[in-house]
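Enquirer: Each chain is listed here by its residues.
Protein chains: 2
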Amino acid sequence: MKRLSSLFPILGWAPAYTKADAQSDLVAAVIVTIMLVPQSLAYAMLAGLPPQVGLYASILPLIAYAIFGTSRALAVGPVAVVSLMTAAAVGQVAAPGSAEYLTAAITLAFLSGIVLVAMSVLRLGFLANFLSHPVISGFITASGLLIAISQLQHILGIRVEGDSLLRILGGIYAKLDGLNPFTLAIGMTATAFLFWTRKQLKPLLLARGLPARAADLIAKSGPVAAIVLSILAVVGFGLVDKGVRIVGDIPGHLPPFAVPSFDLGLWQELLLPAVLISLVGFVESVSVAQTLAAKRRQRIVPNQELTALGASNIASALSGGYPVTGGFARSVVNFDAGAETPLAGAFTAAGILAATVFLTPLFQFLPQAVLAATIIVAVLSLVDIAAIRRTWAYSKADFAAMAVTILTVLLVGVEAGITAGVSLSLALFLWRTSRPHIAIVGQVPGTEHFRNIDRHDVITDPRILSIRVDESLYFANARALEDAIYDHIADQPLLRNVVLMCPAVNAIDASALESLEAIAHRLGSAGIGFHLSEVKGPVTDALMRSDFMDHFKGRIFLSQYEAFTTLTAAAPNGTMTPTGSGMRVETA
Amino acid sequence: MKRLSSLFPILGWAPAYTKADAQSDLVAAVIVTIMLVPQSLAYAMLAGLPPQVGLYASILPLIAYAIFGTSRALAVGPVAVVSLMTAAAVGQVAAPGSAEYLTAAITLAFLSGIVLVAMSVLRLGFLANFLSHPVISGFITASGLLIAISQLQHILGIRVEGDSLLRILGGIYAKLDGLNPFTLAIGMTATAFLFWTRKQLKPLLLARGLPARAADLIAKSGPVAAIVLSILAVVGFGLVDKGVRIVGDIPGHLPPFAVPSFDLGLWQELLLPAVLISLVGFVESVSVAQTLAAKRRQRIVPNQELTALGASNIASALSGGYPVTGGFARSVVNFDAGAETPLAGAFTAAGILAATVFLTPLFQFLPQAVLAATIIVAVLSLVDIAAIRRTWAYSKADFAAMAVTILTVLLVGVEAGITAGVSLSLALFLWRTSRPHIAIVGQVPGTEHFRNIDRHDVITDPRILSIRVDESLYFANARALEDAIYDHIADQPLLRNVVLMCPAVNAIDASALESLEAIAHRLGSAGIGFHLSEVKGPVTDALMRSDFMDHFKGRIFLSQYEAFTTLTAAAPNGTMTPTGSGMRVETA
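Those protein sequences? They're chains A and B, same order as listed.
The opening residue of the first sequence carries number 44 in our numbering; numbering runs sequentially from there.
The opening residue of the second sequence carries number 44 in our numbering; numbering runs sequentially from there.
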């Protein structure tokens, strides 16, 4: 039973479901439905798909998440970044608007579902940890910019091809004389109106004395108002004849039962995009879910979230939808509107189903420019310039990974961008660990502590070299340690013992072990003892298992203090001098 | 002048060259020449090239190394592993025996030379550090086995295609009925004779009272004896008519001036093999050079070695040769024979040039089976089974990288093998650092030291959680730290302060910084203080640069002891209990 309810979290909360829960969930569902319908149409357009596909992707996936998900407030469905990634991936295997394009999008959702479930079964969720914050943040910022710019064409009433910044801008520039002034007027007005409702309407309403909740709801219904007004304008002024592009006829029926393609060649082409979409979707979804769960002191189970997102994507594919994930905006609305359980998602699904069947004729005259405005206003909030500045100030390596991600997304594409960012951040980590910080240390007077002689006033002894390496020893840095020790023992005629202080050495691999043997051998032939100190438990255990100890003639001291006092006492003709009056006290 | 002599090390030693040096160098050159001539023919056969190509690769490259190299004893030329890699790379773009095959081999040498020089200019020699010992050791062992097995066909007198273990063995099995008994007899006899001279002749001669040096020289001339005797047998018994394959006519002239192909498509196909050959050749060459330099307390300059090996390969390409590197066997012979300067290499080049022009007619009747026997006996000494056992005992991760390298080399190929080994060793390193060792620590009674409560009898306090993370904090392990801290603070009603002890934290990247902020925020909202201790200098500097300190309400203690005593003194209603009588003293 416990295992069953960990696979089906619904079994955990459904038996305790109350009438009050139902009331909260229903209210939340109505609000989210109103918000989701135009958003679903818009994101489908962004993905290059017919508008109804966005609606299909907002029905069954929500039911699947309600059954398998561990977050009480997460709302899954089409989101901006994943829609952009879908357009990029599918655009490489089929022409936009073709039947193959739709099939490829459905197949991508299916594959992405399989990848997510496989990651759950194989416990590969940790792979998402390799997407660093700067890479994710840069990726989302750049995607937001790219999406906003790609929507400009709909505001201008022209149509361009391409999925990189330069191509889109070049295409727009080349076709600028085909600009439709009516479309432009509608698009600019809608964009300005949406920005205004988003940023200034709520404070205004609050200032007029409206209750906070009502002000919030009115402000959030901005997109609905824009849609209604623009439809009225199109119909009233006969703008279709003036060249304003509209959404057009949307088939008003239940989501179809769809079958993904099982063409292995197509699977091969879509596998990498599916993996990237899965990882990005998982990271976005889990971070939203965790933020919301923490607010109510609930917990989510990341591994189960993989299963839930996988099931949602498979459900999306089987009902004619495209890849989905937990969205930030909709989840926050769901949470704020008071959703208590995942059943709110199921109610939302019912709402969108009803809208799909009964309301789609109303959207026929909706101008594409208004959908584009909705997208632009939504995605520009993803652009986080402050994060770029903060990262630059803190770490140039992190900034480099972020900058490469942003530039590659904008200039090459989304998949190349995330791949380049992850590769560079891993390479920079390896590069850093391959050049460890190595310090000569001395005793802080009056304590048992040893610190860098370049940073502190410390006691040293010319007969003893205390050297601390601040990194695990492994193949990439083993030579650097050898070189550093050989450099430091040169021109030290009084030197009798070298102590390698290892408090920061968390592991020693086979390559580094050979280097330690080489160092011990070389120092030994020069008449210098080689010892270790402050070796961690697991590292000592490993050394004991090897044949290193058979040849090792030095000692392993529990502390550097013990090493220093023992070796000072044992060595002949040397003196130890305190700070300030000393033979070899160095201060930075 | 100093910069000039660092680019041309020859300027460092040539002015001080003495008559005694010349004598030593000449003697060494004669010995190495005798050894190199059959070896060059054999390795050319291994690379699938005409025998004279091996000789060409042993002339100009030695001159180039004498000018640019920093090792006094390194002997460059064709070596077994690089010959195998050449065969694998070139075999993918041209048919063995064709003119394109030879051009591709020459182009590979040229490309490899350019890669090495570029690595030198860009100071990329550190890339070789990413080839771990277990991967190199596994690669050489597997290559040795693969080479030995690939030579079986020549011993049996049949011819098979393929460059993986199963294909070669399958090919031999399929053609076993075409076995030539005369070839087999010659091959088996030669192999047995060579093993005997290598292993048992020297002790025997020493026991008979010969001086050590003479015994060594006689034992090392085994291959020459085998060659002379087998040529006599072939000619005397008319074995060519019986189907024994011979080396055949070798054109006896100066090395030609050759021009590599500048076909960009070919360059693209050969680039990855050229990079791998360069890295493997560099690692082998530098490790041989360093071993020999240490024996005479000389130093080599790894970055200059890249230039020297690059120049050698370009010289090889321009004189009709194929990729070369510093060989272990020939360098040791050169060193033992008393070579004092790289001029020994130039003398050797002159010797091989003379052999190429005047002696090649003698080799016409040399049976290929004897060359194969020379190769088999040479490469089986590369197979190091003890290293496999040692690595297994020390570290399962290192063993996994080694095993994957060996199996992939044998079953797929040399390039795939080294790529798989390097990838796996990097992945395992990342995997390990992404799951850091995290310990709860307490005070070792009577000292200022804090150790793992699971390993030592230590003093703790229920109001203070001292937690030590044994890894740098970066994107891949930031979540693991968060999870560990949240897990440890659960069910600790008395807890007032958490101290994160950071002696092993060598860096904190932007992702981990966000995690620390999240931890501080979450603990703060639960009324628990969050502090750091023993933060390294560079890490503190980085924290100070960020806006972390603006929000951070905790303290950064110099030592865990200071943190523990300060927080114990400050906190109300708590007691501190020594080992054995305590409230929360845990012992493993």
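Just so you know, the hints here were simulated from the structure itself, not pulled from any lab data.
Just so it is clear, CB atoms sit at the ideal spot from N, CA and C, and this is done for glycine as well.
Possibly wrong hints are sitting among the right ones.
[As the list claims (entries may be wrong)] Straight-line C-alpha distance at most 30 Å; calculated DSS-like pairs for lysine-lysine: (1) B:LYS596 with A:LYS338; (2) A:LYS596 with B:LYS338; (3) B:LYS596 with A:LYS439; (4) B:LYS263 with B:LYS62; (5) A:LYS596 with B:LYS62; (6) B:LYS439 with B:LYS338; (7) A:LYS263 with A:LYS218; (8) B:LYS285 with B:LYS338; (9) B:LYS338 with B:LYS62; (10) A:LYS62 with A:LYS263; (11) A:LYS62 with A:LYS338; (12) B:LYS242 with B:LYS263.
[To be verified] Covered stretches of chain A (in silico footprint by chain B; criterion: 3 or more residues with CB under 8 Å from a CB of chain B, positions within the stretch not fixed): (13) 184-195; (14) 573-583.
Enquirer: Each of the hints needs a verdict: does it hold here or not?
Expert: Each hint, compared with the structure:
Distance restraint check for LYS596 of chain B and LYS338 of chain A: the Cα-Cα separation of roughly 21 Å lies within the 30 Å cut-off, and the hinted pair is therefore satisfied. With a C-alpha separation of about 21 Å, the suggested pairing of LYS596 of chain A with LYS338 of chain B holds against the 30 Å cut-off. Proximity of LYS596 of chain B to LYS439 of chain A is assessed by CA-CA distance (about 26 Å); at most 30 Å being required, the pair is judged to hold. With a C-alpha separation of about 27 Å, the suggested pair LYS263 of chain B and LYS62 of chain B falls inside the 30 Å cut-off, and the hint holds.
At most 30 Å may separate the alpha-carbon atoms for a hinted pair to count; LYS596 of chain A and LYS62 of chain B exceed this at roughly 44 Å. For the hint pairing LYS439 of chain B with LYS338 of chain B, the CA-to-CA distance comes to about 33 Å; that exceeds 30 Å, so the pair is violated. Proposed proximity of LYS263 of chain A and LYS218 of chain A is contradicted: the alpha carbons are some 35 Å apart, above 30 Å. Straight-line distance between C-alpha atoms of LYS285 of chain B and LYS338 of chain B comes to about 51 Å, which puts the hinted pair past the 30 Å bound.
Between LYS338 of chain B and LYS62 of chain B the CA atoms are separated by roughly 23 Å; this keeps the pair inside 30 Å, and the hint holds. For the given pair, LYS62 of chain A sits about 27 Å from LYS263 of chain A by alpha-carbon distance, which is consistent with the 30 Å threshold. Using a Cα cut-off of 30 Å, the hinted pair LYS62 of chain A and LYS338 of chain A holds, with the two alpha carbons roughly 23 Å apart. Between LYS242 of chain B and LYS263 of chain B the CA atoms are separated by roughly 10 Å; this keeps the pair inside 30 Å, and the hint holds.
Only when three residues or more bring their CB closer than 8 Å to a CB of chain B does the claim for the region 184-195 of chain A stand; here the count is 0, and the claim is violated. With 3 residues bearing a CB less than 8 Å from a CB of chain B, the region 573-583 of chain A meets the requirement of three and the coverage assertion stands.
The structure does not agree with the numbered hints 5, 6, 7, 8, 13 stated previously, though it agrees with the rest.
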